[in-house]
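Chains as they are written, first to last, in UniProt numbering: chain A, 1 to 402; chain B, 1 to 402.
Because the hints were derived from the structure by calculation, they are not lab data.
All figures in this text were calculated on a predicted structure; none of them were measured in a lab.
Among the hints, a few may not be true.
For identical chains, the list gives no copy identity; a pair is met inside one copy or between any two copies.
As the list claims (entries may be wrong) - Simulated crosslink set (SDA-like; lysine to any residue; CA at most 20 Å straight-line):
no. : residue 1 : residue 2
1   : K15       : P119
2   : K303      : R398
3   : K203      : A5
4   : K318      : H293
5   : K15       : D121
There are 2 protein chains.
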Amino acid sequence: MSRVAWDSHLSDVAKNLRPSPIRELLKLTKKPGMISFAGGNPDPAIFPVAEFSEATRILSERGREVLQYGPTEGFEPLKQFLSRWMAPRMGRATAPEEMLITSGSQQGMDLLCSVLVNPGDSILVEDPTYPGALHTMRNRGARFVTVPCDAEGMRVDLLPGILDRAAAEGHRVKFVYAIVNFQNPSGATLSAPRRKALLELAKERDLILFEDDPYGHLRYDGVSDPTIFSQDDEGRVVYACSFSKILAPGSRVAWMVGDPELIRRMVMMKQGNDLCTSVVAQALVYEYCNLGHLEGFLPKILKHYSVKRDGMAEAFRKHLPAEAEYHIPAGGFFFWMRLPGVDTKELFLKAVDRGVAFVTGPSFFANGGGEDCLRLCFSFAQPEELEEGAVRLAEAIRDLKS
Amino acid sequence: MSRVAWDSHLSDVAKNLRPSPIRELLKLTKKPGMISFAGGNPDPAIFPVAEFSEATRILSERGREVLQYGPTEGFEPLKQFLSRWMAPRMGRATAPEEMLITSGSQQGMDLLCSVLVNPGDSILVEDPTYPGALHTMRNRGARFVTVPCDAEGMRVDLLPGILDRAAAEGHRVKFVYAIVNFQNPSGATLSAPRRKALLELAKERDLILFEDDPYGHLRYDGVSDPTIFSQDDEGRVVYACSFSKILAPGSRVAWMVGDPELIRRMVMMKQGNDLCTSVVAQALVYEYCNLGHLEGFLPKILKHYSVKRDGMAEAFRKHLPAEAEYHIPAGGFFFWMRLPGVDTKELFLKAVDRGVAFVTGPSFFANGGGEDCLRLCFSFAQPEELEEGAVRLAEAIRDLKS
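Chain A on its own, in the form it takes in the complex (with noise of 0.2 Å):
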């Protein structure tokens, strides 16, 4: 009995597929007793299960429609909620044919590069960036071209000569993809001259703009920037948000709002995709929304991560050594840090043995870099782990240097 010699039939992208660094990594942290910092999931200890169990209402009511196919667009009940909902975000209530549900904002992402990008083009991707994002985009035969970020977020105004050096070396670049607030990794909020002087380049340039924004709802401090998409009056920006971090990641429910003619080129490729999004699973979140839930919601995630997030500040300024820079996000999930002369990926090991994981830099840069960063995230552990955690980073620390 022979098997398959599958390299003889493969695709050109399967066969250049890598396992993600990051999952390798974590499988490491499994281990009894460990202090994760690492992967970026909500914390499930608030998840709303009564209010959401609640919504299953609209199974018993609504069960012949919600069972059968539904439009490729999204269940319509929700598209009109977001519409709403996000107003104030979105600067109007957006159109019915502007919207698009998607199974989580990493479809959306799928998609946006299955209209936008032949293999071989480019995307333009903020240094340090979201893995998955690059992990989606690579599956589409993407290559990258990165602009540096600081504590405001990408450096717009290096972006001309990038673009300009990029261009001298062949790279076509489709669209410019941008976490604008309290990006992961670096937890930075894009300000807000910086998103004005983006969408003016991106007008003077034709760039379409990808404004991805799962965390813009966790802020804790300060007040929100107008969204670029507000801004845009010649549709040249998508925006993304989800409920993945305001409710519940198993959803997996999310929307994308952009222009009508890119929508429509979105929907169509949905439809080989999956058909439609789960109607069962947009039903419930509808129901949940439609019940007041989501709002109620909101202020108690607040609360709790930013108690959190003032726990690891806390912890870290009291246990790591002075050499450690960061910032304190003011939202999200995630503290970035640098630490200069030291190898992260070395440094984790250490961190494992004592107990404590977070994921190292080099996963969230595109082209390579990031070999003294960390990333640590204050969402997932519990409480009582931040403080332990950071006297078991710091420990790992020092057993490097000695």
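Given chain A, put chain B in place with the hints provided.
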């Protein structure tokens, strides 16, 4: 204010996207009083709404798990259930690493294309076949080689010649797509000797087979032939099945079974596509099965749909002209009909005037053809509509000839 000129931004696939012709036709059928034999939807009148609602108890019982991100491979209890439940059809209890839960079979098809097909590669499809599959395959840049079908399914005897000619014409055939039971649209089932011959040919020529089986459980007469998967000892058959027809398409839960090497790569592609299928939807489907409702529901739908099948057969026998050529399907949702000398696109317009709808033949042919064919679905129309629909169809045929 100038809008984005999208044509200069789109990918090659997006530039060539065409709205589904079926969707366009279906819009014409939304008139009041229309009897629809068009869309291939299950009958919402028998959705197990109460039983599915009962399954929502898993949300209260395991909410913290079900609302969190899940493994890309699928919700483990559902995979275990399916391995046991499908063992008689699969020939054995398949291993966890052989199975991937997908967001509908449609996603499984897309993932399979993504790991096997480069743009410009070809897929060997049945003539006629499911238009949704053609749409997914086109979105991945595939071309098509076609093989005719008869009452016993794919003409496997013609395949060697077809493959030789295709190779000579520069086609690189990456897999063979067969809907093995009660095919959409032909209603035909691939006979046992042809299944064997197809697998033999696949071994001889090192072909990959995609055995798509959404209707396999909907057999009204006779006994099932062994799956091709169960006869394969080389890992070259990928098998897909779905809850869409046996429970509820709105769940968007399906599964694929195949060689672990292939499944592993599909999992990595799916990580980029949507991270995982809605855990909420998977958990509800699992609990519904776990409560024994799937086994309870299957006899009900078999009876429900076989009565409709018989009703349509009797109505066609009584009212349609003798030149109408069709077989009575032993399962599934569809009658496939040939009306020699009739252009079914013209017939469609007459039929819609008379108040009955169907899908015209050419939608089902990858490279053209089928002008005198039509698909008539009996699952969705109500029992009392079957005879009246046949009367109207007969009138439309007369209208066309007068």
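* **Numbers of the earlier hints that this structure fails to satisfy, in rising order** => 2 and 4
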